[in-house]
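Asks: Residue strings, one per chain:
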Amino acid sequence: MNAPLRPILVALGSEARALRLIQAGFRLARERSVPWIAVHVDMGGGQITEDAEQAQVWLQEAQRLGAEIRIVRAPTLAQGLTEATRGTHAQALLLGRSRDRWPWARVGHSTADELQRRGLDTAIEVLDDPGDAAGGNQPPLGFGAMVGMLSVLGACSGLAWLVPREGNIALVLPVYLAAVTFIAHRWGQGLAVLASVLSTLLYSFLLETPRFSRGAAQWPNLLFFLAMLLAAQAVIGLLHRLRAQAREVQRREMHTASLYLLGRALARCRTPEEVGQTASEHIRRVFKVEACLLLPKVGTWKAVPPPSLDPGLPPPEDLLPRLSVEERLGDPLEPLAFGPTYCLSLTGTDRSEGVLQVLPRDPAGLPPGTWELLKAFAVQIALALERLRWLEEARKAQIESETERMRSSLLGAIGHDLRTPLAAIHGAAGSLLLPGQLSEPTRRDLLTMIQDESERLAHLLGNLLDLTRLESGAIQVQKEWQPLEEVVGSALGRMEKRQGGLPIHVDLPEALPLVPLDAALIEQLLVNLLTNAQRHAPGEAIDLRAWDESGCIHLEVADRGPGIPEGFEQRIFDKFFRLPGAGEGGVGLGLAICRAIAQSHGGTILAGNRPGGGSRFTVTLPLDGTPPEPPEAADSVFPGGAEPTLPGGAL
Amino acid sequence: MNQPLILIIEDEESLRRFLIPTLSGQQYQVLSAATAAEGLAMARTHNPDLVLLDLGLPDRDGMSVLKDLRAWSRKPVVILSARNQERDKVAALDQGADDYLAKPFGAAELLARIRVALRHTLSADVADPVICSGGLRIDLERREISQGGRPVKLTALEYRLLEALVRRQGKVATHSQLLSEVWGPGGEGNTHYLRIYMAMLRKKLEVDPTRPRHFITEPNVGYRLNLDASSD
Chain A
1 MNAPLRPILV
11 ALGSEARALR
21 LIQAGFRLAR
31 ERSVPWIAVH
41 VDMGGGQITE
51 DAEQAQVWLQ
61 EAQRLGAEIR
71 IVRAPTLAQG
81 LTEATRGTHA
91 QALLLGRSRD
101 RWPWARVGHS
111 TADELQRRGL
121 DTAIEVLDDP
131 GDAAGGNQPP
141 LGFGAMVGML
151 SVLGACSGLA
161 WLVPREGNIA
171 LVLPVYLAAV
181 TFIAHRWGQG
191 LAVLASVLST
201 LLYSFLLETP
211 RFSRGAAQWP
221 NLLFFLAMLL
231 AAQAVIGLLH
241 RLRAQAREVQ
251 RREMHTASLY
261 LLGRALARCR
271 TPEEVGQTAS
281 EHIRRVFKVE
291 ACLLLPKVGT
301 WKAVPPPSLD
311 PGLPPPEDLL
321 PRLSVEERLG
331 DPLEPLAFGP
341 TYCLSLTGTD
351 RSEGVLQVLP
361 RDPAGLPPGT
371 WELLKAFAVQ
381 IALALERLRW
391 LEEARKAQIE
401 SETERMRSSL
411 LGAIGHDLRT
421 PLAAIHGAAG
431 SLLLPGQLSE
441 PTRRDLLTMI
451 QDESERLAHL
461 LGNLLDLTRL
471 ESGAIQVQKE
481 WQPLEEVVGS
491 ALGRMEKRQG
501 GLPIHVDLPE
511 ALPLVPLDAA
521 LIEQLLVNLL
531 TNAQRHAPGE
541 AIDLRAWDES
551 GCIHLEVADR
561 GPGIPEGFEQ
571 RIFDKFFRLP
581 GAGEGGVGLG
591 LAICRAIAQS
601 HGGTILAGNR
611 PGGGSRFTVT
621 LPLDGTPPEP
631 PEAADSVFPG
641 GAEPTLPGGA
651 L
Chain B
1 MNQPLILIIE
11 DEESLRRFLI
21 PTLSGQQYQV
31 LSAATAAEGL
41 AMARTHNPDL
51 VLLDLGLPDR
61 DGMSVLKDLR
71 AWSRKPVVIL
81 SARNQERDKV
91 AALDQGADDY
101 LAKPFGAAEL
111 LARIRVALRH
121 TLSADVADPV
131 ICSGGLRIDL
141 ERREISQGGR
151 PVKLTALEYR
161 LLEALVRRQG
171 KVATHSQLLS
181 EVWGPGGEGN
191 THYLRIYMAM
201 LRKKLEVDPT
211 RPRHFITEPN
221 VGYRLNLDAS
231 SD
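Sequences listed follow chains A and B, in order. Residue 252 in full-length UniProt numbering sits at position 252 of the first sequence, with consecutive numbering throughout. Residue 124 in full-length UniProt numbering sits at position 124 of the second sequence, with consecutive numbering throughout.
Just so you know, these hints were derived from the structure itself, not from any lab. Among the hints, a few may not be true.
Covered, in the sense of this in silico footprint (three residues per stretch, anywhere, with C-beta under 8 angstroms from a C-beta of chain A), are these stretches of chain B [what the hints assert, rightly or not]: (1) 90-98; (2) 192-200.
Pulled from the structure, derived: some chain B residues nowhere near chain A, Cβ distances all over 12 angstroms [as the list claims (entries may be wrong)]: (3) Gln26; (4) His175; (5) Ile216; (6) Val221.
Just so it is clear, the structure is predicted and the values come from calculations on it, not from any experiment. Cβ coordinates follow ideal geometry from the N, Cα and C atoms, glycine included.
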């Protein structure tokens, strides 16, 4: 009554075919809805040998598939298995056929037979090797095979006829033996038995002297017949084993090589798209199936390489949990089919990176024996994707920590610069609110101070915002081809609006080409450079010139101030860097912004000292891309005051 | 004429506190609203002569408020925007706003913009055909242009560009507005045409083309013709 709960027992050794036993055990237990137990008989007295370690691996694999695992110590396999079977009340015992025995020894001496003799109340199932199974697949006995066999034997007899006859059985025997072995190999065991009988008869009647004597049934001939049969059997067995082994070795080599090639190719991938491309190419080559990766994007799948093989897949939010459940509860030996395609979860260390979708060319499904290799491929792909994700995360984390560091240094640096103008504004406003009469000039003075200081604050905040947005990439550079003159003009306009007339000498050649630039940003750059020059050389003339050289536009702002101390040419572009001894004003952001703007245009900015004293800053902007078509020249001179009609249509 | 009525739609209290007395002190009548809904309702009931509209309102996008206003009113709208919002500014101007002021702005700048915007509507019918500013003299009626007393010859396109700027009387004109007015529909993509012609205009009409007094560039937005330039 409790029979259904009696488990399935699977005996695992160290051999490679244990994997097939594990799978068979898992299947059987699933079919019968009973637990299953993987047992290993340790006959080495607990010593850790290579075999024991391999057995451990198989036991773990069985455990992964839900088996309870057990190790039994016993002097012989049969004894150990008997103990285990009795101890667990197993309803069935699965074991592999022991191979290292001669065919004749199999009968009656195998572990299975021994267990049978011990009178166990357990079904014993012996799993054959795939190689053995192939051996059992005898070719059909056809007319052609019969004719073939007879002609081989005929040829042998003809050959034997030529051999001097006097009792030379030693010479004739190998000829027939070779023939029978060949027949066995070619047409199977049935015909081989027939061929041995026939060759005995042929020998007795044709070759034995006296010919056609009735001594054919003499005992040496009978012995001859028997020896032939056994030798043929042995050779056939050996042949099959070798063949199966060779096939297996070849298959493994192919698996290892394809995994190695995939791993190497994946290691070179830098984006998920490249991973998808590489993986699908390799899978297509090895498995002869179409494949693509599906990466989860919010609410949908992104197929790499596109297109998705079966677009009707449920969204990631549904499919991924389902796949992970399937992986746990479903058949781990079978792929999950969706329409004509199969899906594998690409599970890395901690989570699913996506799905591998394959579409077999054969509608019957994947070729047998490829599923495990495909799973190994999926693991490699998942790891590659995971590696990319981690790299990306590490990069983000680095940026974040950089930002964090910058933020704290920013707070430290600007605390003072923010507080000073605020204190002045606050103080001045307080004085103005005091009861009592302030003289008109004092009042105006305080009010002017409030205005100046708030402008300073606005300027500082503007700079900070600009720099942050430039560095974070939040500002999109809108390059447009335009005359440099215009942006220089608006920068000078802004300077003058702020400071009144300034002694700035502008030298712009007439023939400058159009430059691709973001007017607002380059204006800001120029204003910063001019402000900087003006701050370090108050009242002195500033020279602004531009020239066009080797595919770039160069803009130079030069002053006659104290210049830049040696070794600081790079550092002055750092954020919050101020030259030692530089006076009030400026927080060390202006030049940092200049550099960020130049770089956002693909250009550079250099600082240096000017011959004859003072510093100079050179901005170089590339003239890349195709300059736009010049406006059409068909624009007639309109004589002022002469003809009031304008040329009609628009250009 | 009555004092012009100005409606301020601005959610920040401190700015309203600054705007209201500044404008009242200049003999304008002032109404203020802190939300888009309130502002639109006030605009409908009072029909102000000018609206100061903040683009960043709590309840609605300033741009859609502008669209609503423009659906029934041609009265000038001056946008108040934060710095570095060129795209928004251009979009607002193309949507029919008359001008913009970038925060922070000073009282003098504010009053100047309001004057320009109001002058435009109030004098739209009786536009003075002759404009004098600095050394620049533009007579649209007779198509005579002179700089520093010397007559200047313009090409047809230069003239049309100048005309388009003059028509705005000191208000900013976006690139796309100027392009479609001067080059006609289809000219929008060729901003560099505009820049080249603007450079030519400056060469002919400015004393120092690198320090323009009249043809002011609003970076990434457009141009404005400054008609209050002092004499050079």
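Asks: Which of the listed hints are broken here?
Replies: 1, 4, 5 and 6
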